[in-house]
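Asker: The hints should help you fit chain V onto chain L, whose structure is shown.
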Amino acid sequence: MTLHGVILFHTTSSVLRAEKRLIKEGFATRLVPTPRQFSSDCGIALRFDWNDHERITSMLGEEKVEFDAIHFLDANPV
Amino acid sequence: MIYLDQAATSWPKPPEVLKAMTDVLENAGGNPGRSGHRLSIAAARIIYDTREEISRFFGVSDPLRVIFTGNATHAINLALKGILKPGDHVITSSMEHNAVMRPLRNLEKRGIRLSIVQCASNGTLDAKDIGGMVASDTRLVVMAHASNVVGTLLPVAEVAAIVHQAGALLLVDVAQTAGIIPMDMTAMGIDLLAFTGHKELQGPPGIGGLVIADHIDIAQIDPLICGGTGSRSESEEQPDDLPDKFESGTANLAGIAGLGAGLRWLKDRGIEEICAHLKTLSRMLIDGLSAFPEVKIYGTLDLARSIAVVSFTVAGRHVSEIGFRLDEEYGVLSRVGLHCAPAAHKTIGSFPEGTVRLAPGVFTTTDDIRLAIRAIGRVIRS
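Quick mapping for you: the protein sequence lines, in order, are chains L and V. For reference, each letter of the first sequence is one residue, going 1 to 78 in the numbering used here. For reference, each letter of the second sequence is one residue, going 1001 to 1382 in the numbering used here.
Source of the hints: derived by calculation from the structure; they are not laboratory data. Keep in mind that the hints are not guaranteed to be accurate.
[Stated by the list, open to error] Distance condition first, Cα-Cα at most 25 Å in a straight line; then the derived SDA-like pairs of lysine to any residue: (1) Lys20/L to Ala1042/V; (2) Lys20/L to Ser1035/V; (3) Lys64/L to Pro1239/V; (4) Lys20/L to Asn1027/V; (5) Lys24/L to Gly61/L; (6) Lys1085/V to Ile1225/V; (7) Lys64/L to Met1/L; (8) Lys1085/V to Asp1129/V; (9) Lys20/L to Asp1214/V; (10) Lys20/L to Asn1252/V; (11) Lys64/L to Asp1062/V; (12) Lys20/L to Gly61/L; (13) Lys1081/V to Lys1296/V; (14) Lys24/L to Asn1252/V; (15) Lys20/L to Ile1373/V; (16) Lys1109/V to Asn1122/V; (17) Lys64/L to Ile1221/V; (18) Lys64/L to Lys1085/V; (19) Lys64/L to Ser1320/V; (20) Lys20/L to Gly1036/V; (21) Lys24/L to Arg1264/V; (22) Lys24/L to Ser1320/V; (23) Lys1019/V to Tyr1003/V; (24) Lys24/L to Lys1346/V; (25) Lys24/L to Thr1250/V; (26) Lys64/L to Leu1039/V; (27) Lys1346/V to Ser1382/V; (28) Lys1109/V to Pro1342/V; (29) Lys1296/V to Arg1264/V; (30) Lys24/L to Glu1053/V; (31) Lys64/L to Ala1219/V; (32) Lys24/L to Ala69/L.
[What the hints assert, rightly or not] Reference excerpt, derived from the structure (chain L facing chain V, CB under 10 Å, subset only): (33) Thr12; (34) Leu22; (35) Thr29; (36) Leu31; (37) Asp41.
Heads up, the beta-carbon is just placed ideally off N, CA and C, and yes, glycines get one too.
Same shape as in the complex, but just chain L (with noise of 0.2 Å):
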């Protein structure tokens, strides 16, 4: 089974330009409705594989890339 990080954002814009730059560098991702968990926020989070998650978050920082926060996915959260 894959385990799934989450990238949360403040703007629905923010996400997408991340999606870009993310599918630009190969990494496979995928829009999804903001988990309640982590925000009380409207709209869309991006998805992806928890194994990038160190190559994600180090390419985000260095590409100045504004995010608010990176959450592991638990697969049944209670």
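Answerer: Okay, now just chain V, sitting in the frame of chain L:
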């Protein structure tokens, strides 16, 4: 029918624009940024992609600095009312549209000091005259890129140099020039650019925007309206994030999709080619009208210093009669009167009667212009 009112709004629109608008409502009809389902995401992608195209089009690197508004007037109001505070000084030109003049007159009543630099009777502005008005409290200079009445281009880059030396900001209204003149905000020194989608950008009415240059600190701009953005929904305070700070309420999705299609259509057609075509038509209009001794043409009559907007009057005749008969008898559609720009008409000497304005567009042909000139000749001689 010969439509020579392109400066009011472009018509017809490229079929691709209409198709993009119906497509988006059929296939991507969710509310962008509000929900997480596929229709909402599809809508958000179209808006983001259009933001990217606009940022490239005007030469800013960050797409989030493209703020969608209803039109250029809305964008100008956002910039002026968002930046100017009581005690600030603002300078504008005497060739401005009421989209600039009315918000400035409104701000004047709230304690903002307004100076209007006098342009020449052909609509030209000497940048040095702006320099003479700049003071220590000058916060902003706002001006059109080209006059909507006579098509005269204002010297944006020269003014930018003066404005920046004084530590002020430059807001430019490109309603008449976007789509017919290649534009790079950075090269031109524009800090804030207000555009409308429905003129030569070939989009539909109801969509425009304010583009904020990469170096401008957005903390100095207050939002014009506040409300729901889909972001930071736990808070009752307006978010500071771009573009949400300035974009409350549901976006004009169909308008944005149409504008995106208009921009792609322009890119395929080539702005340089469009510009050359309009110069040809403008030359024909000026030469054709010049053959009638009773006609007075306003503006520089110099194609290097103006866009294809030609204003004229006929000695002893009302412009309303000329416009009405051109429409009724020959199907030539012009715009007569003051063109929402009383200051410009006072500057060129045509106030309060106004002028007949002819504005060809990308779909206007040389035959259209020949027929229009012939029709004008018949109307003024009978």
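Asker: Mind checking the alpha carbons of Lys64/L and Ser1320/V for me, to see if they're no more than 25 Å apart?
Answerer: Not satisfied, since the Cα-Cα distance of roughly 58 Å exceeds 25 Å.
Asker: Is Lys1109/V close enough to Asn1122/V, meaning Cα to Cα at most 25 Å?
Answerer: Violated - the C-alpha atoms of Asn1122/V and Lys1109/V are around 30 Å apart, more than 25 Å.
Asker: Would you mind confirming whether the straight-line C-alpha gap from Lys1085/V to Ile1225/V stays at or under 25 Å?
Answerer: Measuring from Cα to Cα gives roughly 17 Å; hence the hint holds.
Asker: Holds or violated: Lys20/L with Ser1035/V, Cα cutoff 25 Å?
Answerer: Distance ~20 Å between Lys20/L and Ser1035/V Cα, so the pair holds.
Asker: Straight-line Cα separation of Lys64/L and Pro1239/V no greater than 25 Å?
Answerer: holds, 20 Å
Asker: Could you grab the alpha-carbon distance between Lys20/L and Asn1027/V and see if it respects the 25 Å cut-off?
Answerer: Status holds; Cα separation ~21 Å.
Asker: Hey, Lys1346/V versus Ser1382/V, does the alpha-carbon distance stay inside 25 Å?
Answerer: Given pair Lys1346/V, Ser1382/V is violated - Cα atoms ~29 Å apart, limit 25 Å.
Asker: Hold the hint about Leu22/L up to the distance rule: shortest CB distance to chain V must be less than 10 Å.
Answerer: violated, 14 Å
Asker: Under the criterion that the straight-line Cα-Cα distance not exceed 25 Å, is the pair Lys24/L, Asn1252/V satisfied?
Answerer: Since the Cα atoms of Lys24/L and Asn1252/V sit roughly 29 Å apart, the hinted pair is violated (cutoff 25 Å).
Asker: Verify the proposed pairing of Lys24/L with Ser1320/V, using a straight-line Cα cut of 25 Å.
Answerer: It is violated: about 58 Å lies between the C-alpha atoms, which goes past 25 Å.
Asker: Could you grab the alpha-carbon distance between Lys1109/V and Pro1342/V and see if it respects the 25 Å cut-off?
Answerer: holds, 19 Å
Asker: Does the structure keep Lys64/L and Ala1219/V at a Cα separation of 25 Å or less?
Answerer: Roughly 20 Å separates the two Cα atoms, so the pair holds.
In summary, the structure is inconsistent with hints 7, 13, 14, 15, 16, 18, 19, 22, 24, 25, 26, 27, 29, 34, 35 from the numbered list given earlier, while agreeing with the others.
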